[in-house]
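Trainee: Sequence:
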Amino acid sequence: MGAIDPVQVTQMARYQEVVYVSGWASSSVLTTANNEVGPDLSDYPYTTVPNQVHRLFRAQQLHDRKHYDERMLATPEARKQMEQIDYLRPIIADADTGHGGISSVMKLAKIFAESGTSAIHLEDQLHGGKKCGHQAGKVIVPTSTHVTRLIASRFQLDVLGSTMHLIARTDSESAKLISSTVDKRDHEFILGTTVSGTPLAEVLDDAEARGLSGPAIDKLEKEWMDAHPLVTFDQAVEEVISQSGLKATALEQYRNESAGKSVGECREAAKNILGKEVSWSWDLPKTREGYYHFKGGVEAAIKRSKIFAPYADLVWLETKEPNLEQATAFARRIRQDHPGKWLVYNLSPSFNWSAHGFSEEKLKSFVWDLAKEGFVLQLISLAGLHSTATVTVELARRFQTDGMLAYVELIQRKEKELGCDVLKHQKWSGAGYIDGMLSTVMSGSSSTSGMGADSTEHTF
11 MGAIDPVQVT QMARYQEVVY VSGWASSSVL TTANNEVGPD LSDYPYTTVP NQVHRLFRAQ
71 QLHDRKHYDE RMLATPEARK QMEQIDYLRP IIADADTGHG GISSVMKLAK IFAESGTSAI
131 HLEDQLHGGK KCGHQAGKVI VPTSTHVTRL IASRFQLDVL GSTMHLIART DSESAKLISS
191 TVDKRDHEFI LGTTVSGTPL AEVLDDAEAR GLSGPAIDKL EKEWMDAHPL VTFDQAVEEV
251 ISQSGLKATA LEQYRNESAG KSVGECREAA KNILGKEVSW SWDLPKTREG YYHFKGGVEA
311 AIKRSKIFAP YADLVWLETK EPNLEQATAF ARRIRQDHPG KWLVYNLSPS FNWSAHGFSE
371 EKLKSFVWDL AKEGFVLQLI SLAGLHSTAT VTVELARRFQ TDGMLAYVEL IQRKEKELGC
431 DVLKHQKWSG AGYIDGMLST VMSGSSSTSG MGADSTEHTF
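Residue numbers (our numbering): 11 to 470.
In case anyone wonders, no lab produced these hints; they're calculated from the structure. It is possible that part of the hints are untrue.
[Said to hold, decoys possible] Straight-line alpha carbon distances no greater than 25 Å define the calculated SDA-like cross-link-like pairs of lysine to any residue that follow:
| no. | residue 1 | residue 2 |
| --- | --- | --- |
| 1 | K426 | D96 |
| 2 | K313 | L284 |
| 3 | K296 | E218 |
| 4 | K186 | S358 |
| 5 | K434 | E80 |
| 6 | K186 | G270 |
| 7 | K382 | A319 |
| 8 | K186 | T155 |
| 9 | K372 | V403 |
| 10 | K316 | L395 |
| 11 | K330 | G307 |
| 12 | K186 | D215 |
| 13 | K120 | P320 |
| 14 | K257 | L284 |
From just these sequences and the hints, can you work out the full model?
Mentor: And the structure:
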């Protein structure tokens with residue numbers, strides 16, 4: 011589950027096997043450079059998430075030492091009755107797009123490894139155009155670009171001798187734009203139009219030069235898109251063949267000759283079959299930023315994930331909804347080519363889980379059903395952020411009317427009921443542990459001991 015502070019890390023340690031540090035949370039509540047928080051656009055300093063990991067890792071080390079000291083001070087008989095907690099849970103962190111070019115990706119991997127990170131995930135979005143995985147407007151990079159990021163990260167970790175794991179994430183399931191057509195492996199998913207005319211970017215630039223308002227330009231863009239339906243080159247060829255009166259064998263011949271080929275090679279194959287060029291352009295509908303339209307979906311995600319898999323320890327499919335059938339199909343097709351590949355699933359709070367038709371039984375079994383298909387890492391990326399918000403709003407609302415009764419009922423009694431060690435927050439923070447170290451250095455210092463007789467914590 012996603013954690014945003016040492017309190018959450020220590021409380022999760024008793025029940026969860028890993029800790030997750032989210033780029034979204036770091037951007038929105040934890041930015042460490044100039045404290046300029048905001049939405050998840052990956053526009054914060056690239057040391058932000060590693061710094062947060064380091065903060066939590068240091069907290070883990072403190073609580074591990076404190077817990078070990080407490081156990082060693084107990085008698086062997088008493089120690090057997092004490093709970094043993096592994097505070098050094100692996101930390102998995104969000105490396106976004108790698109925050110730049112190859113050297114930036116390598117530096118980022120190095121900083122993460124040195125900060126105590128056990129695994130990072132890199133997504134195939136465009137740096138500078140990155141969005142939260144559940145926002146619109148995502149722009150992905152060519153497949154080859156992301157492979158290079160993964161290779162650069164692995165090379166850096168090999169140089170360091172680090173065992174930090176790499177997770178390759180793809181956002182292509184819901185992406186609608188791609189930054190370049192340079193990789194022919196992406197060509198079958200790139201959209202163009204068969205309708206000739208003035209390029210969209212020129213139309214919009216001209217409208218802006220004429221002083222049209224923003225809404226007017228948006229309307230003009232919609233009208234252009236409506237008049238220029240988007241299709242892949244394969245779809246354009248299929249339409250021409252269907253209208254030409256050629257037999258179905260012509261379509262089968264085209265599919266056989268074009269499979270896995272670039273658009274240029276597909277054009278030649280179509281021309282040989284039809285005896286003429288197929289009118290289709292992926293440049294006409296390019297956005298003003300120069301991006302190409304992309305046919306996102308699970309097929310694109312599967313193809314990319316299979317290519318990424320040899321360069322990563324785990325593969326992550328980012329989805330637009332919680333869908334067990336989709337996840338199952340994805341997992342089985344990935345594992346056809348990469349048997350035993352570990353998979354990741356985002357149990358995102360961005361989903362309105364109650365609106366997806368789950369029964370209570372299905373909702374409860376969702377994570378175990380995913381696990382059966384090889385999703386060994388499942389994350390509620392913003393669990394800590396949302397749980398903090400929920401508790402805080404409930405306490406703040408009741409405190410208005412019930413004063414300290416609200417705090418006692420909602421917090422102190424609940425802490426005692428759950429066995430939450432933060433009830434005694436001085437002990438939790440390590441005050442007793444530090445007192446023990448100080449008394450070792452200088453005896454006779456009981457009068458200045460933080461956990462001395464006057465400490466109010468003895469009343470609990």
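Trainee: Check whether the Cα positions of K257 and L284 lie no farther apart than 25 Å.
Mentor: holds (11 Å)
Trainee: Sort out whether D96 lies within 25 Å of K426, counting only the CA atoms.
Mentor: It holds: about 21 Å lies between the C-alpha atoms, which stays within 25 Å.
Trainee: Please work out if K372 and V403 have their alpha carbons no farther apart than 25 Å.
Mentor: At roughly 29 Å apart (the allowed maximum being 25 Å), V403 and K372 break the hint.
Trainee: Given the hint that K120 pairs with P320, does the C-alpha gap stay at or below 25 Å?
Mentor: Measuring from Cα to Cα gives roughly 21 Å; hence the hint holds.
Trainee: Sort out whether T155 lies within 25 Å of K186, counting only the CA atoms.
Mentor: OK: K186 and T155 at ~17 Å, within 25 Å.
Trainee: Please verify whether K434 and E80 have alpha carbons no more than 25 Å apart.
Mentor: holds (15 Å)
Trainee: Given the proposed pairing of K330 with G307, does the C-alpha separation stay at or below 25 Å?
Mentor: holds (10 Å)
Trainee: Between K186 and D215, does the CA-CA distance stay at or below 25 Å?
Mentor: holds (22 Å)
Trainee: Taken at face value, is the distance from the CA of A319 to the CA of K382 at most 25 Å?
Mentor: holds (19 Å)
Trainee: Under the criterion that the straight-line Cα-Cα distance not exceed 25 Å, is the pair K186, G270 satisfied?
Mentor: holds (21 Å)
Trainee: Verify the proposed pairing of K313 with L284, using a straight-line Cα cut of 25 Å.
Mentor: Violated, at about 29 Å.
Trainee: What's the verdict on K186 and S358, does the C-alpha distance respect the 25 Å limit or exceed it?
Mentor: Answer holds: K186 to S358 is near 20 Å, not above 25 Å.
In this structure, the earlier hints numbered 2, 9 and 10 are contradicted, and the remaining ones agree with it.
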